[in-house]
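Visitor: Per this note's numbering, the sequence shown starts with residue 1, numbered consecutively.
Please keep in mind that the hints were generated in silico from the structure rather than gathered at the bench.
Even glycine gets a Cβ: it sits at the ideal position worked out from N, Cα and C.
Don't take every hint at face value.
Calculated lysine-lysine pairs in the PhoX-like style (CA-CA distance at most 25 Å, straight line) [as the list claims (entries may be wrong)]: (1) Lys-123 to Lys-23; (2) Lys-88 to Lys-23; (3) Lys-146 to Lys-123; (4) Lys-23 to Lys-61; (5) Lys-64 to Lys-88; (6) Lys-61 to Lys-146; (7) Lys-128 to Lys-146.
Restraint ranges, calculated between C-beta atoms of paired labels, are given here [unchecked claim]: (8) Glu-31 to Leu-174: 17 to 23 Å; (9) Lys-61 to His-133: 31 to 37 Å; (10) Val-95 to Leu-174: 28 to 34 Å.
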Amino acid sequence: MVANSPHWTIQDLNAMPDDGGWKRYEIIEGELFVTRAPHIRHQSVSGNLCFELESWSRQTKRGKTFQTPGVIFTPTDAVIPDVVWISKERLENGVDESGHLIVAPEIVIEILSPGEVNEQRDKEVKRKLYSLHGVQEYWVADWRLKTIAVYRRNEAQLQQVCTLLEGDDLTSPLLPDFNVAIASIFQ
1 MVANSPHWTI QDLNAMPDDG GWKRYEIIEG ELFVTRAPHI RHQSVSGNLC
51 FELESWSRQT KRGKTFQTPG VIFTPTDAVI PDVVWISKER LENGVDESGH
101 LIVAPEIVIE ILSPGEVNEQ RDKEVKRKLY SLHGVQEYWV ADWRLKTIAV
151 YRRNEAQLQQ VCTLLEGDDL TSPLLPDFNV AIASIFQ
(Lines of atoms letter the chains of each structure in order from A; the text may use other names.)
(Lines give C-alpha, C1' and ligand atoms only; values in the text may rest on other atoms or scores of the structure.)
Protein backbone atom coordinates (compact mmCIF):
# COMPACT_ATOMS: atom_id res chain seq x y z
CA MET A 1 0.00 0.00 0.00
CA VAL A 2 1.35 3.44 -0.97
CA ALA A 3 0.73 6.30 1.40
CA ASN A 4 -0.83 9.44 -0.05
CA SER A 5 1.51 12.39 -0.41
CA PRO A 6 0.69 15.45 1.72
CA HIS A 7 -1.76 17.97 0.31
CA TRP A 8 -0.04 21.35 0.78
CA THR A 9 -1.93 24.61 1.30
CA ILE A 10 -1.06 28.29 1.58
CA GLN A 11 -1.26 27.88 5.37
CA ASP A 12 1.65 25.42 5.12
CA LEU A 13 3.62 27.93 3.05
CA ASN A 14 2.98 30.66 5.61
CA ALA A 15 4.39 28.43 8.35
CA MET A 16 7.70 27.78 6.54
CA PRO A 17 10.77 29.59 7.86
CA ASP A 18 12.24 32.45 5.83
CA ASP A 19 15.49 31.32 4.19
CA GLY A 20 16.56 34.75 2.97
CA GLY A 21 15.22 34.24 -0.55
CA TRP A 22 17.43 31.32 -1.54
CA LYS A 23 14.47 29.05 -2.26
CA ARG A 24 11.12 29.58 -3.91
CA TYR A 25 8.15 27.58 -2.58
CA GLU A 26 5.09 27.10 -4.77
CA ILE A 27 2.10 24.77 -4.61
CA ILE A 28 0.07 23.58 -7.58
CA GLU A 29 -2.94 21.34 -6.98
CA GLY A 30 -1.62 20.80 -3.45
CA GLU A 31 1.82 19.59 -4.63
CA LEU A 32 4.85 21.42 -3.23
CA PHE A 33 7.55 22.65 -5.63
CA VAL A 34 10.82 24.03 -4.26
CA THR A 35 13.33 25.75 -6.54
CA ARG A 36 16.61 27.54 -5.89
CA ALA A 37 17.37 31.16 -6.51
CA PRO A 38 17.68 31.55 -10.29
CA HIS A 39 20.81 31.96 -12.43
CA ILE A 40 22.03 35.53 -12.87
CA ARG A 41 21.18 35.43 -16.63
CA HIS A 42 17.66 34.36 -15.67
CA GLN A 43 17.43 37.39 -13.38
CA SER A 44 18.78 39.68 -16.10
CA VAL A 45 16.05 38.63 -18.55
CA SER A 46 13.43 39.04 -15.83
CA GLY A 47 14.70 42.53 -15.03
CA ASN A 48 14.77 43.56 -18.69
CA LEU A 49 11.20 42.36 -19.28
CA CYS A 50 10.03 44.07 -16.11
CA PHE A 51 11.75 47.32 -17.13
CA GLU A 52 10.16 47.34 -20.61
CA LEU A 53 6.68 46.52 -19.31
CA GLU A 54 6.91 49.04 -16.48
CA SER A 55 8.15 51.77 -18.85
CA TRP A 56 5.13 51.15 -21.08
CA SER A 57 2.83 51.06 -18.04
CA ARG A 58 4.09 54.40 -16.71
CA GLN A 59 3.52 56.04 -20.08
CA THR A 60 0.02 54.62 -20.54
CA LYS A 61 -1.10 54.38 -16.90
CA ARG A 62 -2.98 51.18 -17.81
CA GLY A 63 -1.48 48.82 -15.26
CA LYS A 64 1.51 47.72 -13.22
CA THR A 65 4.40 45.28 -13.55
CA PHE A 66 5.71 43.15 -10.67
CA GLN A 67 8.72 40.85 -10.32
CA THR A 68 8.26 37.60 -8.38
CA PRO A 69 4.90 38.43 -6.84
CA GLY A 70 3.00 35.87 -4.80
CA VAL A 71 -0.13 34.86 -6.72
CA ILE A 72 -2.72 32.91 -4.73
CA PHE A 73 -5.41 31.40 -6.94
CA THR A 74 -6.83 28.95 -4.37
CA PRO A 75 -5.74 27.56 -0.99
CA THR A 76 -3.87 24.80 -2.89
CA ASP A 77 -2.59 26.87 -5.85
CA ALA A 78 -0.02 29.54 -4.97
CA VAL A 79 2.86 30.43 -7.29
CA ILE A 80 5.60 33.00 -7.72
CA PRO A 81 5.93 33.87 -11.42
CA ASP A 82 9.06 35.72 -12.56
CA VAL A 83 7.12 38.75 -13.89
CA VAL A 84 3.46 39.71 -14.21
CA TRP A 85 1.60 42.59 -15.78
CA ILE A 86 -1.82 43.42 -14.35
CA SER A 87 -4.29 46.10 -15.39
CA LYS A 88 -5.19 48.78 -12.88
CA GLU A 89 -8.79 47.49 -12.93
CA ARG A 90 -7.79 43.98 -11.83
CA LEU A 91 -5.20 45.29 -9.40
CA GLU A 92 -7.71 47.56 -7.66
CA ASN A 93 -9.40 44.68 -5.78
CA GLY A 94 -6.89 41.94 -6.50
CA VAL A 95 -4.48 42.11 -3.53
CA ASP A 96 -4.93 40.51 -0.11
CA GLU A 97 -3.78 42.12 3.15
CA SER A 98 -0.42 40.29 2.91
CA GLY A 99 0.30 41.90 -0.46
CA HIS A 100 -0.32 38.81 -2.62
CA LEU A 101 -2.29 38.90 -5.84
CA ILE A 102 -5.54 36.97 -5.54
CA VAL A 103 -6.70 37.52 -9.13
CA ALA A 104 -5.11 36.43 -12.38
CA PRO A 105 -2.79 39.00 -13.94
CA GLU A 106 -3.42 39.54 -17.64
CA ILE A 107 0.17 38.57 -18.54
CA VAL A 108 2.39 36.09 -16.70
CA ILE A 109 6.04 35.54 -17.63
CA GLU A 110 8.26 32.64 -16.62
CA ILE A 111 11.95 32.42 -17.47
CA LEU A 112 13.03 28.81 -17.84
CA SER A 113 15.45 27.35 -15.34
CA PRO A 114 17.70 24.50 -16.51
CA GLY A 115 16.45 20.96 -16.15
CA GLU A 116 13.72 18.82 -17.65
CA VAL A 117 11.56 18.96 -14.51
CA ASN A 118 11.76 22.77 -14.32
CA GLU A 119 10.95 23.17 -18.01
CA GLN A 120 8.04 20.72 -17.84
CA ARG A 121 6.60 22.58 -14.83
CA ASP A 122 6.73 25.97 -16.61
CA LYS A 123 5.64 24.77 -20.07
CA GLU A 124 2.88 22.39 -18.99
CA VAL A 125 1.89 22.46 -15.31
CA LYS A 126 1.94 26.23 -14.85
CA ARG A 127 0.42 26.86 -18.28
CA LYS A 128 -2.50 24.64 -17.31
CA LEU A 129 -2.87 26.47 -13.97
CA TYR A 130 -2.74 29.90 -15.64
CA SER A 131 -5.28 28.76 -18.26
CA LEU A 132 -7.64 27.55 -15.56
CA HIS A 133 -7.55 30.87 -13.70
CA GLY A 134 -7.95 33.28 -16.61
CA VAL A 135 -4.46 34.54 -17.52
CA GLN A 136 -4.75 36.14 -20.98
CA GLU A 137 -1.13 35.78 -22.14
CA TYR A 138 1.75 33.63 -20.99
CA TRP A 139 5.32 34.29 -22.10
CA VAL A 140 8.00 31.64 -21.54
CA ALA A 141 11.51 33.02 -22.02
CA ASP A 142 14.56 30.80 -22.55
CA TRP A 143 17.72 32.78 -21.80
CA ARG A 144 19.96 30.01 -23.14
CA LEU A 145 18.27 29.89 -26.57
CA LYS A 146 17.30 33.59 -26.52
CA THR A 147 13.68 32.86 -27.40
CA ILE A 148 10.26 33.74 -26.03
CA ALA A 149 7.29 31.41 -26.58
CA VAL A 150 4.04 33.38 -26.57
CA TYR A 151 0.78 31.74 -25.50
CA ARG A 152 -2.57 33.50 -25.81
CA ARG A 153 -5.97 32.63 -24.46
CA ASN A 154 -8.15 30.85 -27.02
CA GLU A 155 -11.26 28.88 -26.07
CA ALA A 156 -10.37 29.06 -22.33
CA GLN A 157 -6.86 27.67 -22.93
CA LEU A 158 -3.45 29.28 -23.31
CA GLN A 159 -2.29 28.11 -26.71
CA GLN A 160 1.10 28.80 -28.25
CA VAL A 161 0.86 31.34 -31.07
CA CYS A 162 4.58 31.85 -31.82
CA THR A 163 8.16 31.55 -30.71
CA LEU A 164 10.07 34.80 -31.04
CA LEU A 165 13.77 34.77 -31.94
CA GLU A 166 16.53 37.38 -31.52
CA GLY A 167 15.59 39.25 -34.72
CA ASP A 168 11.90 39.52 -33.78
CA ASP A 169 9.91 42.08 -31.80
CA LEU A 170 7.68 41.34 -28.82
CA THR A 171 4.19 42.86 -29.02
CA SER A 172 0.84 42.11 -27.41
CA PRO A 173 -2.76 42.89 -28.32
CA LEU A 174 -3.25 43.59 -24.59
CA LEU A 175 -0.63 46.36 -24.66
CA PRO A 176 -1.29 48.84 -27.48
CA ASP A 177 1.92 50.21 -29.03
CA PHE A 178 4.14 48.01 -26.82
CA ASN A 179 7.05 46.87 -28.98
CA VAL A 180 10.41 45.56 -27.76
CA ALA A 181 13.24 43.94 -29.71
CA ILE A 182 13.84 40.39 -28.47
CA ALA A 183 17.59 40.97 -28.75
CA SER A 184 17.36 43.76 -26.14
CA ILE A 185 15.66 41.41 -23.67
CA PHE A 186 18.62 39.01 -23.79
CA GLN A 187 21.50 41.53 -23.84
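Visitor: Give a verdict on every hint.
Guide: Consistency of the hints with the structure:
Restraint check for Lys-123 and Lys-23: the C-alpha separation of about 20 Å stays at or below 25 Å, so the hint holds. Straight-line distance between C-alpha atoms of Lys-88 and Lys-23 comes to about 30 Å, which puts the hinted pair past the 25 Å bound. The hinted pair formed by Lys-146 and Lys-123 meets the criterion: a straight-line CA distance of about 16 Å does not exceed 25 Å. This hinted pair does not check out: Lys-23 and Lys-61 have alpha carbons roughly 33 Å apart, beyond 25 Å.
Using a Cα cut-off of 25 Å, the hinted pair Lys-64 and Lys-88 holds, with the two alpha carbons roughly 7 Å apart. A threshold of 25 Å between alpha carbons decides the hint, and for Lys-61 with Lys-146 the separation of about 29 Å lies outside it, so the pair is violated. As the CA atoms of Lys-128 and Lys-146 are separated by approximately 24 Å, the hinted pair is consistent with the 25 Å bound. Look at Glu-31 against Leu-174: about 30 Å separates their beta carbons, and that is not inside 17 to 23 Å.
Judged by the Cβ atoms, the range 31 to 37 Å given for Lys-61 and His-133 is violated: they are separated by roughly 25 Å. For the hinted restraint 28 to 34 Å between Val-95 and Leu-174, the CB-CB distance of approximately 20 Å leaves it violated.
Checked against the numbered hints given earlier, this structure breaks hints 2, 4, 6, 8, 9 and 10; the rest are met.
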